[in-house]
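Chemist: Starting from the structure of chain C, add chain G where the hints point.
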Amino acid sequence: MRGGGRRDRVDVILAILETIYTERNEAKPTHIMYKANLSHKLMDSYFTELIEKGIIEKFDVKGKVRIKLTERGSEFLRELRKMKSFMESFGL
Amino acid sequence: MLRLLFAPKWFYGIDIAFEIVSIIVAVLISYYSYKLYTISKKKEHKYFHIFFLMIAIAFVFKILTNFDLYFEVLNTLHIGSMQIQYISKNISTIYRFGGLFMYRLLTALFAYGLYMLSYRKHDRKDLLLFVYFLSVLAFFSYYSYFLFHLTIIIILGFVSMNYWRNFKKKHTTNSKCVAYGFIMLSLAHLVFAIVEIDLALYVVAEVLQLAGFCLLLGAFISVIRK
Chain C
1 MRGGGRRDRV DVILAILETI YTERNEAKPT HIMYKANLSH KLMDSYFTEL
51 IEKGIIEKFD VKGKVRIKLT ERGSEFLREL RKMKSFMESF GL
Chain G
1 MLRLLFAPKW FYGIDIAFEI VSIIVAVLIS YYSYKLYTIS KKKEHKYFHI
51 FFLMIAIAFV FKILTNFDLY FEVLNTLHIG SMQIQYISKN ISTIYRFGGL
101 FMYRLLTALF AYGLYMLSYR KHDRKDLLLF VYFLSVLAFF SYYSYFLFHL
151 TIIIILGFVS MNYWRNFKKK HTTNSKCVAY GFIMLSLAHL VFAIVEIDLA
201 LYVVAEVLQL AGFCLLLGAF ISVIRK
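Residue numbers (the working numbering), protein chains in the order written: chain C, 1 to 92; chain G, 1 to 226.
Bound conformation, chain C alone (with noise of 0.2 Å):
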């Protein structure tokens, strides 16, 4: 994660999503608790709502859970990276 400081719900969702992207829209919920650095019960409270809106969906693979961006959901990312990028600009 970029800086030291506390990060906000748009850090935590570019997490997960660059998480799933970058394992090739395959990831485990694991990993990407891993790597997104979040708890099992707030990770299940974000998959929840991401799913709810379209933007990751889960599916199997023999028999395990996986999970992957939707095609809204990788529209969602791009645009989500543009506009952090945005608001950074004027450091906010």
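Simulated from the structure, these hints should not be mistaken for lab results. Treat each hint with caution, since some may be false.
Over the 10 Å line for every Cβ pair with chain G, so calculated as not near, a few chain C residues [as the list claims (entries may be wrong)]:
#1 47
#2 71
#3 91
Taking lysine-lysine and the PhoX-like style, the derived pairs with C-alpha atoms no more than 25 Å apart in a straight line are [said to hold, decoys possible]:
#4 G:169 with C:84
#5 C:53 with G:121
#6 G:41 with G:168
#7 C:53 with G:41
#8 G:43 with G:169
#9 G:46 with C:82
#10 C:82 with G:170
#11 G:41 with C:41
#12 G:35 with C:68
#13 G:41 with C:84
#14 C:35 with G:46
#15 C:84 with G:121
#16 G:169 with C:53
Every residue, glycine too, gets a C-beta built ideally from N, C-alpha and C.
Modeler: Structure of chain G alone, referenced to chain C:
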């Protein structure tokens, strides 16, 4: 006599076009930060959205006031009769006072708002106190425009310093555009403050202001096109 009009005649309307560009840029930035706010739920993003909306509305008031001032000049030159002038002046004085007051109050709130966000001063009591001070400033600067621009230079100067530091830390094109954009906006107010020396300075100030907003637009476009 109180002087409200500083633009050279040939510049009438051109400055309004400049202001329209600034409104478009401010609304774009405001909308974009609102979109981010709906995801982040961060107060900073919400305030940022509100402050840029304020400067857009401030320019609308400036356009309406200037339009009225320009119209009166043309009216006096071509149609003017003593009685009509007298009535329209009474109405116009209130209208202009209101227009200029709103323009100056919203501009001052925009500058102070960005200062507040830049230096992480989020105390609501401070904000309310400053709303009062800035209202007093906007009210009395009707009789002394210099005071208004001087205050804005100081506040925007601090904001520019922060954005400059941010650019030195990040070294990105966007942060560079933002830093130079706010330096331009500060310089614009510096020139507005001394506009009485020469009417041509009003044009210089307007061009600097437009350049400032174009640089902010540059930062916006460079992010969108990524």
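Chemist: Against the structure, test the hints numbered earlier, and report the numbers of the ones violated in rising order.
Modeler: 3, 5, 6, 14, 16
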